[in-house]
Amino acid sequence: MEKEKSKHADQILQLKTNLNEALEEALRLGSKIDAEEMRQLEITQTLSLFQEENNDLKQSLTGVEHDKSSFNERLDKLSAEKNNLQQELSVKDRKLYEALKSLTHFELKAAKAEQERDRRELELENAQEDVERLKKTTASLERETEELIGQISILQLDSNADSLYQELLDKMKGKDVQHEKDLYALETRLATVTQEKNNLEAVNNEKISALQSSLESIKQQLLKKQRCSDDTSSISSKTSKSHLKQTVVELEDSVGAIKNHYENKIRILQHALDSARKKMEKYERKINDLTTLLEENSSVVDVLHRKLKMKSKHNQSQAQPKRPTVRSSKSEETEVSEVSY
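All residue numbers for the sequence shown refer to the numbering used here, where the first residue is -9 and numbers rise by one.
If you are wondering where the hints come from, they were derived from the structure by calculation, not from laboratory data. Fair warning: there could be bad hints in the mix.
[To be verified] Mimicking DSSO-like on lysine-lysine, the simulated pairs with C-alpha atoms at most 30 Å apart in a straight line are:
1. Lys85 x Lys102
2. Lys303 x Lys22
3. Lys58 x Lys72
4. Lys99 x Lys85
5. Lys48 x Lys67
6. Lys303 x Lys58
7. Lys85 x Lys67
8. Lys(-7) x Lys6
9. Lys6 x Lys(-5)
10. Lys58 x Lys48
11. Lys303 x Lys48
12. Lys91 x Lys102
13. Lys6 x Lys22
14. Lys91 x Lys72
15. Lys85 x Lys72
16. Lys67 x Lys82
17. Lys72 x Lys82
18. Lys82 x Lys99
[What the hints assert, rightly or not] Restraint-style ranges between C-beta atoms, simulated for each label pair:
19. Asp83 x Gln105: 29 to 39 Å
20. Val54 x Arg18: 47 to 57 Å
21. Leu31 x Lys(-7): 47 to 57 Å
22. Glu(-6) x Glu32: 53 to 63 Å
23. Asp108 x Asp83: 30 to 40 Å
24. Leu39 x Glu71: 40 to 50 Å
25. Ser59 x Asp83: 31 to 41 Å
26. Arg18 x Gln41: 27 to 37 Å
27. Leu47 x Glu14: 43 to 53 Å
28. Glu32 x Lys(-7): 52 to 62 Å
29. Thr36 x Leu13: 31 to 41 Å
30. Lys303 x Thr34: 17 to 27 Å
Note that beta-carbon positions come from the ideal geometry of N, C-alpha and C, so glycine has one too.
Using the sequences and the accompanying hints, generate a full structural model.
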């Protein structure tokens, strides 16, 4: 009996010891389970925060992509506008080159016309000097004729002076012949001067018509069928018929007006060309700014992608913790593993 009692006491003691160990194991497992539950709660909260940040990043990425598409559209529009401006600039450059070329040709014609006018003026001045000289010669011949007539009338009173009278008559005839020759030369010179004057009028009219045709052709090229009146040229041509010098003055005025007109046109084209260049430079600056902004946004998008990948990897690494090793039965290990997951 005592052996059985001692045996039962040993069994009871062993059971108490096992029970105490089981209680201690249960307490230890309970604290671990609480820690795992807290950790699981923190992981869940962290995961929800990461999901919110992921949604925010996706929204920001969508906005950035939309901005990128809008920037690309604006860049395409600016590129098309730049191409149009370059085409307009090339057209204006070509028109300016043609205008300068026409103006150079016109200036050469005007210089030749001016040289011709100076030569005609010199010939006219020489002819006028010849006319004045012939007038003086005619006046002196008339005075000499009057003197000879007076001498003849005196000699007619003297009957003894027949030979002297005949000599004076011969001299007077010679003077008359010379006077007639001088008058004929004067008339010939006046006819030549008149013919030169008419020729000069014809040449001036031709020059004026040529200048007018050149002016009209250049105006049609630059101003696209803009009409202008020909009153100035018609008035100058009418006044040129009345007097040669006035015609030359009108021609100079016409040439000066045409030069001023084309200089103004060249200044207008140059101003339009400068404004087009400034506008093109402005659009180039805008394109560069948009390109820089697009590149910056591309770098931001790349940074956001990398950040999103890093956060997703970090979430995956934190969402898979290590399983705790517990020395217990299979049922307890199953419960602990289920709680940890």
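To see whether the hints hold, each was checked on the structure:
With a C-alpha separation of about 25 Å, the suggested pairing of Lys85 with Lys102 holds against the 30 Å cut-off. A distance of roughly 27 Å separates the Cα atoms of Lys303 and Lys22; the hinted pair therefore holds under the 30 Å criterion. Proposed proximity of Lys58 and Lys72 is supported: the alpha carbons are some 20 Å apart, at most 30 Å. Taking the CA atoms of Lys99 and Lys85, the gap is near 21 Å; set against the 30 Å cutoff, the hint holds.
Between Lys48 and Lys67, the direct Cα distance comes to roughly 28 Å. Compliance with the 30 Å bound is thereby established for this hinted pair. Distance restraint check for Lys303 and Lys58: the Cα-Cα separation of roughly 27 Å lies within the 30 Å cut-off, and the hinted pair is therefore satisfied. Simply put, Lys85 and Lys67 have alpha-carbon atoms about 27 Å apart, close enough for the 30 Å limit, and the pair holds. With a CA separation close to 19 Å, the supplied pair Lys(-7) and Lys6 stays within the 30 Å bound.
Only pairs whose Cα atoms come within 30 Å are accepted, and Lys6 paired with Lys(-5) is accepted, the gap being roughly 16 Å. With a CA separation close to 15 Å, the supplied pair Lys58 and Lys48 stays within the 30 Å bound. At most 30 Å may separate the alpha-carbon atoms for a hinted pair to count; Lys303 and Lys48 meet this at roughly 16 Å. With a CA separation close to 17 Å, the supplied pair Lys91 and Lys102 stays within the 30 Å bound.
Distance hint between Lys6 and Lys22 is fulfilled; the C-alpha atoms sit about 24 Å from each other, no more than 30 Å. Proximity of Lys91 to Lys72 is assessed by CA-CA distance (about 28 Å); at most 30 Å being required, the pair is judged to hold. Using a Cα cut-off of 30 Å, the hinted pair Lys85 and Lys72 holds, with the two alpha carbons roughly 20 Å apart. Taking the CA atoms of Lys67 and Lys82, the gap is about 22 Å. The hint holds against a cut of 30 Å.
For a cut-off of 30 Å, the pair hint linking Lys72 to Lys82 stands: about 15 Å separates their Cα positions. Note on Lys82 and Lys99: the hinted pairing holds, with a Cα-Cα distance of about 25 Å set against a maximum of 30 Å. Look at Asp83 against Gln105: about 33 Å separates their beta carbons, and that is inside 29 to 39 Å. Hint check: Val54 to Arg18, Cβ distance near 52 Å, so the stated range 47 to 57 Å holds.
Evaluation of the 47 to 57 Å hint for Leu31 and Lys(-7) yields a pass: the beta carbon distance comes to about 56 Å. The beta-carbon spacing between Glu(-6) and Glu32, approximately 56 Å, falls within the hinted interval of 53 to 63 Å. For Asp108 and Asp83, the hinted distance range of 30 to 40 Å is satisfied, since their beta carbons lie about 37 Å from each other. Take Leu39 and Glu71: their Cβ atoms lie about 47 Å apart, and the range 40 to 50 Å holds.
For the hinted restraint 31 to 41 Å between Ser59 and Asp83, the CB-CB distance of approximately 36 Å keeps it satisfied. Separated by about 34 Å at the C-beta atoms, Arg18 and Gln41 satisfy the suggested range of 27 to 37 Å. A beta carbon spacing of about 48 Å between Leu47 and Glu14 agrees with the range 43 to 53 Å that was offered as a hint. Between Glu32 and Lys(-7), the C-beta spacing of about 58 Å keeps the proposed range 52 to 62 Å intact.
Our hint of 31 to 41 Å for Thr36 and Leu13 holds, since their Cβ atoms are close to 34 Å apart. In this structure, Lys303 and Thr34 meet the distance hint of 17 to 27 Å, their C-beta atoms being roughly 19 Å apart.
Violated hints: none; the structure is consistent with every hint.
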